[in-house]
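Position chain L relative to chain Z; hints supplied.
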Amino acid sequence: AQSVTQPDIHITVSEGASLELRCNYSYGATPYLFWYVQSPGQGLQLLLKYFSGDTLVQGIKGFEAEFKRSQSSFNLRKPSVHWSDAAEYFCAASFMEYGNKLVFGAGTILRVKS
Amino acid sequence: EPEVTQTPSHQVTQMGQEVILRCVPISNHLYFYWYRQILGQKVEFLVSFYNNEISEKSEIFDDQFSVERPDGSNFTLKIRSTKLEDSAMYFCASSELASSTDTQYFGPGTRLTVL
Numbered sequence: 001a002q003s004v005t006q007p008d009i010h011i012t013v014s015e016g017a018s019l020e021l022r023c024n025y026s027y028g029a030t031p032y033l034f035w036y037v038q039s040p041g042q043g044l045q046l047l048l049k050y051f052s053g054d055t056l057v058q059g060i061k062g063f064e065a066e067f068k069r070s071q072s073s074f075n076l077r078k079p080s081v082h083w084s085d086a087a088e089y090f091c092a093a094s095f096m097e098y099g100n101k102l103v104f105g106a107g108t109i110l111r112v113k114s
Numbered sequence: 001e002p003e004v005t006q007t008p009s010h011q012v013t014q015m016g017q018e019v020i021l022r023c024v025p026i027s028n029h030l031y032f033y034w035y036r037q038i039l040g041q042k043v044e045f046l047v048s049f050y051n052n053e054i055s056e057k058s059e060i061f062d063d064q065f066s067v068e069r070p071d072g073s074n075f076t077l078k079i080r081s082t083k084l085e086d087s088a089m090y091f092c093a094s095s096e097l098a099s100s101t102d103t104q105y106f107g108p109g110t111r112l113t114v115l
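Which chain is which? The protein sequence lines are Z and L, in order.
Going by the working numbering, the first residue of the first sequence is number 1, and it counts up by one from there.
Going by the working numbering, the first residue of the second sequence is number 1, and it counts up by one from there.
Everything labelled a hint here was simulated from the structure, so no lab data went into it.
Where a beta carbon is used, it is the ideal one built from N, C-alpha and C, also for glycine.
Don't take each hint at face value.
As the list claims (entries may be wrong) - DSS-like cross-link-like pairs, simulated, lysine-lysine; straight-line CA separation at most 25 Å: (1) Lys-68(Z) with Lys-42(L); (2) Lys-49(Z) with Lys-57(L); (3) Lys-83(L) with Lys-57(L).
Unchecked claim - Pulled a few chain L residues facing chain Z out of the computed Cβ check, cut under 10 Å: (4) Tyr-35; (5) Glu-44; (6) Ser-55; (7) Glu-56; (8) Ala-98; (9) Ser-99; (10) Gln-104.
To be verified - Derived DEER-like restraints, expressed as beta-carbon distance ranges: (11) Arg-111(Z) with Thr-103(L): 20 to 30 Å; (12) Arg-111(Z) with Leu-30(L): 37 to 47 Å; (13) Ile-60(L) with Asp-8(Z): 20 to 30 Å; (14) Thr-76(L) with Gly-16(Z): 42 to 52 Å; (15) Glu-18(L) with Gln-42(Z): 24 to 34 Å; (16) Val-24(L) with Asp-8(Z): 32 to 42 Å.
Chain Z extracted, bound-state conformation (with noise of 0.2 Å):
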């Protein structure tokens, strides 16, 4: 069956430092990628997605994520972490056979430390 990997449940870097976050599908063919972000109290909102077309994608905020096939994976990346990133990454994937539903990830906290 489809599903999202993500296999940190928590990170912690310094503020000022570069950020990867990571995620995996299980998927036969290529699914529609999405990261979403949740600060305390707040939605999930979209930081970036991907579809087709040129893997490496620019989003919100200053995060960019790369869509690896030959890994199945779908990293988010940022190069310098603020304190206000501090919050809970979600990666989500929709798979066009399935309908439009996401399936999400576990999530990863991401906490920053001055």
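Chain L in isolation, oriented as in the chain Z frame:
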């Protein structure tokens, strides 16, 4: 910027009681969803709704659950007889189009606690 809103933010209920969770999707959106997240688990899809009928539902969405668009703005999730295991955060989402590629916009969630 338009946003999805949900009420209440927190609902506490006794087991066996009926609850209705309310959502106001973004006004020009046509496709609506409910997801839930049990504490410590993944966000999981419950149901999608389009053109006044259910488009798709998961195994979780059994006869205890129902959805309705009672008027032009609200979208509700009803749990007929709550169980302890229904305790979760419930997220409403909406999208403009009925497409796998269209962005789903999420509300802040309603935390349901069943005692």
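Do the hints match the structure? See the list:
1. Lys-68(Z) with Lys-42(L): holds, 23 Å
2. Lys-49(Z) with Lys-57(L): It holds: about 24 Å lies between the C-alpha atoms, which stays within 25 Å.
3. Lys-83(L) with Lys-57(L): holds, 19 Å
4. Tyr-35: holds, 7 Å
5. Glu-44: This interface hint holds because 7 Å falls under the 10 Å limit.
6. Ser-55: Status holds, d = 7 Å.
7. Glu-56: holds, 5 Å
8. Ala-98: Constraint on Ala-98(L) satisfied, holds at 7 Å.
9. Ser-99: holds, 6 Å
10. Gln-104: This hint holds: Gln-104(L) lies near chain Z, its Cβ roughly 6 Å from the closest one there, short of 10 Å.
11. Arg-111(Z) with Thr-103(L): 20 to 30 Å: holds, 27 Å
12. Arg-111(Z) with Leu-30(L): 37 to 47 Å: Since the Cβ atoms of Arg-111(Z) and Leu-30(L) sit about 38 Å apart, the hinted range of 37 to 47 Å holds.
13. Ile-60(L) with Asp-8(Z): 20 to 30 Å: holds, 26 Å
14. Thr-76(L) with Gly-16(Z): 42 to 52 Å: holds, 45 Å
15. Glu-18(L) with Gln-42(Z): 24 to 34 Å: Hint holds: Cβ distance 28 Å, inside 24 to 34 Å.
16. Val-24(L) with Asp-8(Z): 32 to 42 Å: holds, 35 Å
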